[in-house]
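Asker: Chains as they are written, first to last, in the working numbering: chain Z, 1 to 290; chain D, 1 to 385.
Please note: incorrect hints may appear among the correct ones.
Stated by the list, open to error - Below, a list of computed lysine-lysine pairs in the DSS-like style, where the Cα atoms sit at most 25 Å apart: (1) 160(D) - 124(D); (2) 160(D) - 7(Z); (3) 9(Z) - 124(D).
Said to hold, decoys possible - Some residues of chain D that are not near chain Z, with every Cβ distance over 12 Å (derived): (4) 112; (5) 116; (6) 183; (7) 235; (8) 250; (9) 255; (10) 256; (11) 268; (12) 288; (13) 289; (14) 337; (15) 359; (16) 361; (17) 380.
These are calculated hints, taken from the structure and not from any lab test. These numbers come from a predicted model, not from an experiment. Idealized CB from N, CA, C, for every residue including glycine.
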Amino acid sequence: MWEYTDKVKDHFFNPHNVGEIENPDGVGEVGSLACGDALRLTFKLDKNGRIAEAKFKTFGCASAIATSSVLTEIIKGMTLEEAAKVTNKDIADYLGGLPEQKMHCSVMGREALEAAIENYHTGGKKKHELEGKVVCNCFGVTENEIERVIRENDLTTVEQVTNYCKAGGGCGGCKGEIEKIIERIQGDKAGQVTETQPRWAGRLTNIQKIQMIQQTINEQIRPALRADGGDIELIDVDGDKVIVALRGMCAKCAIADITMKDLVEAKLREFVSSELYVEEIKNTAGDQRK
Amino acid sequence: MRTIYFDNNATTKVAEEVLEEIKPYFCELYGNPSSMHTFGGQVGIKIREAREKIAVLLGCEPAEIIFTGCGTESDNAAIRGTLAAYPDKRKVITTRVEHPAVLSVCRDLENHGYTVVEIPVDRKGRLNIEQLAEQLTEDTAIVTVMYANNETGTIFPVEKIAEMTANKGIVFHTDAVQAVGKIPLNLSKSTIDLLSISGHKLHAPKGVGILYVRKGTRLAPFMLGGHQEAGRRAGTENVPGIIGLGRACELAMQNFSEENKKVRQLRDKLEKSILEKCPDCMVNGDPENRLPNTSNISFEFIEGEAILLMLDKFGICASSGSACTSGSLEPSHVLRAMGVPFTAAHGSIRFSLSRYNTEQDVDYTIEKIPEIVNKLRKLSPFVPK
Numbered sequence: 001m002w003e004y005t006d007k008v009k010d011h012f013f014n015p016h017n018v019g020e021i022e023n024p025d026g027v028g029e030v031g032s033l034a035c036g037d038a039l040r041l042t043f044k045l046d047k048n049g050r051i052a053e054a055k056f057k058t059f060g061c062a063s064a065i066a067t068s069s070v071l072t073e074i075i076k077g078m079t080l081e082e083a084a085k086v087t088n089k090d091i092a093d094y095l096g097g098l099p100e101q102k103m104h105c106s107v108m109g110r111e112a113l114e115a116a117i118e119n120y121h122t123g124g125k126k127k128h129e130l131e132g133k134v135v136c137n138c139f140g141v142t143e144n145e146i147e148r149v150i151r152e153n154d155l156t157t158v159e160q161v162t163n164y165c166k167a168g169g170g171c172g173g174c175k176g177e178i179e180k181i182i183e184r185i186q187g188d189k190a191g192q193v194t195e196t197q198p199r200w201a202g203r204l205t206n207i208q209k210i211q212m213i214q215q216t217i218n219e220q221i222r223p224a225l226r227a228d229g230g231d232i233e234l235i236d237v238d239g240d241k242v243i244v245a246l247r248g249m250c251a252k253c254a255i256a257d258i259t260m261k262d263l264v265e266a267k268l269r270e271f272v273s274s275e276l277y278v279e280e281i282k283n284t285a286g287d288q289r290k
Numbered sequence: 001m002r003t004i005y006f007d008n009n010a011t012t013k014v015a016e017e018v019l020e021e022i023k024p025y026f027c028e029l030y031g032n033p034s035s036m037h038t039f040g041g042q043v044g045i046k047i048r049e050a051r052e053k054i055a056v057l058l059g060c061e062p063a064e065i066i067f068t069g070c071g072t073e074s075d076n077a078a079i080r081g082t083l084a085a086y087p088d089k090r091k092v093i094t095t096r097v098e099h100p101a102v103l104s105v106c107r108d109l110e111n112h113g114y115t116v117v118e119i120p121v122d123r124k125g126r127l128n129i130e131q132l133a134e135q136l137t138e139d140t141a142i143v144t145v146m147y148a149n150n151e152t153g154t155i156f157p158v159e160k161i162a163e164m165t166a167n168k169g170i171v172f173h174t175d176a177v178q179a180v181g182k183i184p185l186n187l188s189k190s191t192i193d194l195l196s197i198s199g200h201k202l203h204a205p206k207g208v209g210i211l212y213v214r215k216g217t218r219l220a221p222f223m224l225g226g227h228q229e230a231g232r233r234a235g236t237e238n239v240p241g242i243i244g245l246g247r248a249c250e251l252a253m254q255n256f257s258e259e260n261k262k263v264r265q266l267r268d269k270l271e272k273s274i275l276e277k278c279p280d281c282m283v284n285g286d287p288e289n290r291l292p293n294t295s296n297i298s299f300e301f302i303e304g305e306a307i308l309l310m311l312d313k314f315g316i317c318a319s320s321g322s323a324c325t326s327g328s329l330e331p332s333h334v335l336r337a338m339g340v341p342f343t344a345a346h347g348s349i350r351f352s353l354s355r356y357n358t359e360q361d362v363d364y365t366i367e368k369i370p371e372i373v374n375k376l377r378k379l380s381p382f383v384p385k
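With the hints as extra help, turn the sequences into a complete structure.
Answerer: See below:
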């Protein structure tokens, strides 16, 4: 059971400003059914350019509904310049805090607000759109968005990033990449928390190499394949040749060769050694190794 | 406020009769069942009696019952103990909809060089038996398939699978945590080798489980120490838990058909009324082969945690397959494996009943649900205008 503050509960059971403004000055949309939460924010300005009215419609859990409700309260009376400065932390603080795993709800509020302001200024897109490289494919989170939550909330671990913007919370295949972004932004602070393998200098012993290959497959490769209903098994390592078998969807996949070259080899070269190359064994249901 | 408890697949109330039975074993009859003196020995006799009562419910021999600490321990011990007994076999077959107590173990094995095959299910949660049959190779150490699914109540054809594995000399384990006490079982007529049970799912206290091990099944010991449980699971017995579980099995035996009928009627009434009163709802699972107490309903356009909190305000306890309730960001792996669309998975609610539920419980809930669903749908941006 989540421990919500009384303020969260109050805004969930009795949300303020529910609905949609007709002919709004700005509309912002964020999230989707697949993501598990979504918010549509509309606002209208008064003649002094201040937000006279704001309304929301939200699909999501109690904290998603509560953050949407307080968002409309917070921005009422603000100019758009002021509203643009509202951070996800402001929203969470207003509620007396949110459970760590629910912080992404406050980020969703801020994103919808941004999209609505942009919609007012340009009249163009009203949907919070992806800008920059997508890092987390499961939840469609970009590098820009990840960088932003790290900076605004001073995050130092992948788990925190997942709590704040969902990135890494699906198959987990992008956790390595998120770690690197944290490292880049937080520098020394992140040094103490990253648990990636050190980039080995010089020669690896065979045992080290095999262990690192297995670890890379377990942590970096399998989660991404699993998300598509596939799987991978490490059969053997012979010098720099890594012999693997693909299972499930991957085994039958027409683009299996591409999957192999692109994903497995790239990850192994990145995390273990640039000398490695991959070979696939077909049709081993495990029986050959008796 | 009255509590209406529809979360019996999570845990159940300890039966009053069970509590009465175990009370003396804390402050009065606290001896160690292994002791040589009469004071401890009399407790040993009670444990033997409990084992016998449980054997009656399962249709097995008392010596085939190992007491454990919980259902999860039974699952872990069954899988790991089998693999340890067959070190040359490297393949494990399971399903995509197992409880984490099985699935997490299998996925961990995968990281240690085992081949794990997860058999998929169809839209109603039914297992693809042909696909399972194809996978039964010589290299297979164990097949583990749950008896009934905890989220949807779908019952799997485990007896049929057990026959298939027996013919090939492969060990078969089933996690029967949700099935025992709800549907009849007769292990003497079955070829199931290993079966897990959890006490607190059938009105016994928490902290006690069973692993049934068919006579002659090879299984490595899983807790080393004293001679308890024939040396397979050492450690001083959870005396009140075991005696309570014995009594709970006896009660389940006595009231089987009558209670099942009552629970099924209540469940059906609840489900039917909700579907009638709320548009855009659907039942998840296989209506033909389902536990009598479980109903899993998806409410379109709204999210499960929000529904649960609103129910909670009225004292109604249920659970959800929504991502937000689990602490993860993905909705129920069971519903996803069934191909239930994301939207319906996020809005799924599980009602699980027991013999302690009443007609009033059901009527009250039927009255509140449409109110809650309408309120949340008013907030939802996805409801078509």
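Asker: Any hints this thing doesn't respect? Which numbers, in order?
Answerer: Violated hints (numbers, rising): 2, 3, 4, 5, 14, 17; every other hint is consistent with the structure.
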